[in-house]
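As a plain string of letters, each chain reads:
Protein chains: 2
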Amino acid sequence: MNQRLSIELAIYSFSSQLALCKCRIFVSADLQNLGARRVCVMTDKNLSKLPPVNAVLNSLAKYGINFQMYDNVRVEPTDQSFLDAIQFAKKGEFDAYVAVGGGSVMDTCKAANLYAASPSSEFLDYVNAPIGKGKPVTVPLKPLIAVPTTSGTGSETTGVAIFDFKELKVKTGIASRAIKPTLGIIDPLHTLSMPERIVANSGFDVLCHALESYTALPYNERSPCPANPIDRPAYQGSNPVSDVWALHALRVVAKYLKRAIRDPEDREARANMHLASAFAGIGFGNAGVHLCHGMSYPISGLVKTYKPKDYNVDHSLVPHGLSVVLTSPAVFAFTAQIHPERHLEAAEILGADIRTARIKDAGLILADTLRKFLFDLNVDDGLAAIGYSKADIPALVKGTLPQERVTKLSPRPQTEEDLSALFEASMKLY
Amino acid sequence: MNQRLSIELAIYSFSSQLALCKCRIFVSADLQNLGARRVCVMTDKNLSKLPPVNAVLNSLAKYGINFQMYDNVRVEPTDQSFLDAIQFAKKGEFDAYVAVGGGSVMDTCKAANLYAASPSSEFLDYVNAPIGKGKPVTVPLKPLIAVPTTSGTGSETTGVAIFDFKELKVKTGIASRAIKPTLGIIDPLHTLSMPERIVANSGFDVLCHALESYTALPYNERSPCPANPIDRPAYQGSNPVSDVWALHALRVVAKYLKRAIRDPEDREARANMHLASAFAGIGFGNAGVHLCHGMSYPISGLVKTYKPKDYNVDHSLVPHGLSVVLTSPAVFAFTAQIHPERHLEAAEILGADIRTARIKDAGLILADTLRKFLFDLNVDDGLAAIGYSKADIPALVKGTLPQERVTKLSPRPQTEEDLSALFEASMKLY
Chain A
2 MNQRLSIELA IYSFSSQLAL CKCRIFVSAD LQNLGARRVC VMTDKNLSKL
52 PPVNAVLNSL AKYGINFQMY DNVRVEPTDQ SFLDAIQFAK KGEFDAYVAV
102 GGGSVMDTCK AANLYAASPS SEFLDYVNAP IGKGKPVTVP LKPLIAVPTT
152 SGTGSETTGV AIFDFKELKV KTGIASRAIK PTLGIIDPLH TLSMPERIVA
202 NSGFDVLCHA LESYTALPYN ERSPCPANPI DRPAYQGSNP VSDVWALHAL
252 RVVAKYLKRA IRDPEDREAR ANMHLASAFA GIGFGNAGVH LCHGMSYPIS
302 GLVKTYKPKD YNVDHSLVPH GLSVVLTSPA VFAFTAQIHP ERHLEAAEIL
352 GADIRTARIK DAGLILADTL RKFLFDLNVD DGLAAIGYSK ADIPALVKGT
402 LPQERVTKLS PRPQTEEDLS ALFEASMKLY
Chain B
2 MNQRLSIELA IYSFSSQLAL CKCRIFVSAD LQNLGARRVC VMTDKNLSKL
52 PPVNAVLNSL AKYGINFQMY DNVRVEPTDQ SFLDAIQFAK KGEFDAYVAV
102 GGGSVMDTCK AANLYAASPS SEFLDYVNAP IGKGKPVTVP LKPLIAVPTT
152 SGTGSETTGV AIFDFKELKV KTGIASRAIK PTLGIIDPLH TLSMPERIVA
202 NSGFDVLCHA LESYTALPYN ERSPCPANPI DRPAYQGSNP VSDVWALHAL
252 RVVAKYLKRA IRDPEDREAR ANMHLASAFA GIGFGNAGVH LCHGMSYPIS
302 GLVKTYKPKD YNVDHSLVPH GLSVVLTSPA VFAFTAQIHP ERHLEAAEIL
352 GADIRTARIK DAGLILADTL RKFLFDLNVD DGLAAIGYSK ADIPALVKGT
402 LPQERVTKLS PRPQTEEDLS ALFEASMKLY
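If you read the protein sequences in the order shown, they are chains A and B. With the first letter of the first sequence counted as 1, position 297 gets the number 298 in the numbering used here; the numbers rise by one all the way through. With the first letter of the second sequence counted as 1, position 250 gets the number 251 in the numbering used here; the numbers rise by one all the way through.
What the hints contain is simulated information worked out from the structure, not anything from laboratory work. Worth double-checking, as some hints may not be accurate.
Identical copies carry no separate label here, and so any pair may be met within one copy or between two of them.
[Claimed, not checked] Derived DMTMM-like pairs (lysine to aspartate or glutamate); straight-line CA-CA distance at most 20 Å: (1) 256 with 244; (2) 256 with 346; (3) 167 with 269; (4) 361 with 342; (5) 134 with 382; (6) 91 with 346; (7) 256 with 267; (8) 136 with 72; (9) 373 with 362; (10) 308 with 222.
I would like the entire structure built from these sequences, with the hints used as guidance.
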């Protein structure tokens, strides 16, 4: 689908008002080309009143395409919120889906499409092992058009859907190429309604997607090697293709993230961050992520009372991008022992002066560069600032252990003691 | 298919002997996963005795996969050589194809797959207009696995098949996403048997794919805009995705092409050029090429008695990469008027010192950089050195006019007089 996505990127990115309007016609034209008769439009309550959703609904109405809207997506979805969307999808008997929103919306729509196409499956059948059964997806899914409205997840390019598994207080997900959207429509004007902290936190997700996939265990060091290409995991480790996307996305983040956060009217910056989100997605969707993401799931899952600025929700939550970036200085100081040159290269792209740097200091240099980057952007001062204390570390470690699908892609293997030390080192950043 | 290709790249590129052997099992495993029962292996007479073909045949034999081999592919194919391969494919009633070779083999196999799947079509039905009817491909094709053995064409990533149309003495082709290979297996060890001039000429094709797609008319300046995405041409103009691949491939060419030509044992250089060929292919396959390629078709089609070194063929021919690169200094001196900063950026990547360069000199600087690059590699001194004189220019121009599918992607429109001047300026390079 990436070739198709790349074509859409080419047409829609940096869209002028004219192209934008054309793009909105294209949503319906694409649905007609796909033979869609009953379309499910999925979004969340906030977005349902905002321009991106209106644009899609107007396009559907103009083309006379029959649709139903589901706007009950939960920001940072749970197993229950997935199940609610799945029930809606099963009832609707849709032949196509349009997800308009951030990662929460796109991931919920992927799950709804999957389970509606496989009605006899138990919810845990497709959830990643060891929490679920991790069964391969063999049923044909309906077309899904993803229209991202945040610039972080890159979910429009990946076969991953993440949710909070309430019972275990841990994030997990579904990972299969089969749930990857048919088409991603990257329209930067959709991001103009993003508040400042949402731009920042989603941008941190792009930053970590790029850094983690570039430093992930190389594809040719991963084991076991599949005996058959069909058994190859979605996350294969860093490789010559993902490296191109990771480095490119990292350069865009270094150049545009601060501008995109500080000035909602800086269309060049917002457009480039919207592309960077998709580009980093193509990279990590193929290479994978590792410790920042693996450790982020319990950080979000065990949230106490933290309520982030700019998120209009009725429950406490740690935004995904924030939960990922808070451990990044500690993580890369830890992993730099392996492939330090890649860590130093990343630090330089993020603005570090490495002319006199020693390769053995690569991890510390990247960690300091990240701390400065986060400090400049007024990021909460570590896990302590979002409500965690040393007493929570055992639970955070316990919540990380089931994330081996990603943690095993860390270039450096880690013990429970290592994980404890990484959480402890992330309590305070500045 | 690019996502799949990118996965294969990740697995196969830089393959060790072990991975290589695994890769050769994978050819058969992939065919079994595709449900193939009767496989057509296509190659040319020279390759049929070389390791890459033996490796594939051994793999098929080991897996007991029933196959027939067609080794009659013509280097620089013609309508007749396409028709011979098509006839073989129609008789064989194959359910999958494996193309092992350079662009000539892969392009011939794409055409054979297309017309065998559409037996009632006339040959001209799918040939690019205005020479053919340029009909859209609506029939389902069989899976095609492309195993490139040269590092230039990138044909394993594209939906294009080029041939000499003898009657008109001009090159033309078939362009449709439908004929793009299902899978590309990029194994750099397959390139170790390439003679020096074949490495050079195929490398020049990568160089021009990167330069032309990076300087092509931008996607948002191309007209007419399609009313429906289904009407979008294969070649869309330069865009944010193709730019990433074009620049990356250009950097690899600048770093590794000379090394790959000079030392067949330089595996790092040959492996990186093999990847660069696929990367540039992903870029131009989406953005397109322009004048160097448009003008190259008559340069090849009107060949007189030129027989290049290292090509073991019984007919005179101008290797595609050579026919493309000989006009490149004149072409980029001409196009630099539009987007001169991109031309200057390319010159810098190729080694020019642009610290004191004036933007208005961008074209001359890139042209001089290319001349030096070609001189260092002992490239024939212009069109005169391969048998053309001023008297041939009207015929060369006439042969370029039907190539508007690509020439219209030139950032600067061109008259017949402009084309004459470009051919004349390309008679002598040094």
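Results of checking the hints against the structure:
1. Within a single copy, residue 256 and residue 244 get their C-alpha atoms as close as 18 Å, and across copies as close as 17 Å, so both meet the 20 Å cut-off.
2. Taking the shortest alpha-carbon separations for residue 256 and residue 346, both the intra-copy value of 15 Å and the inter-copy value of 18 Å come in at or below 20 Å.
3. Taking the closest pair of Cα atoms, residue 167 and residue 269 never come within 20 Å of each other, the shortest separation being 40 Å inside a single copy and 49 Å across copies.
4. For the homomeric pair residue 361 and residue 342, the shortest alpha-carbon distance inside one copy (9 Å) is at most 20 Å, but the shortest distance between copies (38 Å) is not.
5. When the C-alpha separation of residue 134 and residue 382 is checked against a cutoff of 20 Å, the pair qualifies neither within a copy, at 38 Å, nor between copies, at 65 Å.
6. For a Cα distance limit of 20 Å, the shortest separation of residue 91 from residue 346 qualifies neither inside one copy, at 48 Å, nor across copies, at 53 Å.
7. In the homo-oligomer, the alpha carbons of residue 256 and residue 267 lie at most 20 Å apart inside one protomer (13 Å), although the nearest pairing across protomers, at 36 Å, exceeds that limit.
8. Taking CA atoms no more than 20 Å apart as the test, residue 136 paired with residue 72 passes in neither setting, with 29 Å inside one copy and 43 Å between copies.
9. In the homo-oligomer, the alpha carbons of residue 373 and residue 362 lie at most 20 Å apart inside one protomer (17 Å), although the nearest pairing across protomers, at 41 Å, exceeds that limit.
10. Taking the shortest Cα distances, residue 308 and residue 222 never come within 20 Å of each other, neither inside one copy (41 Å) nor across copies (45 Å).
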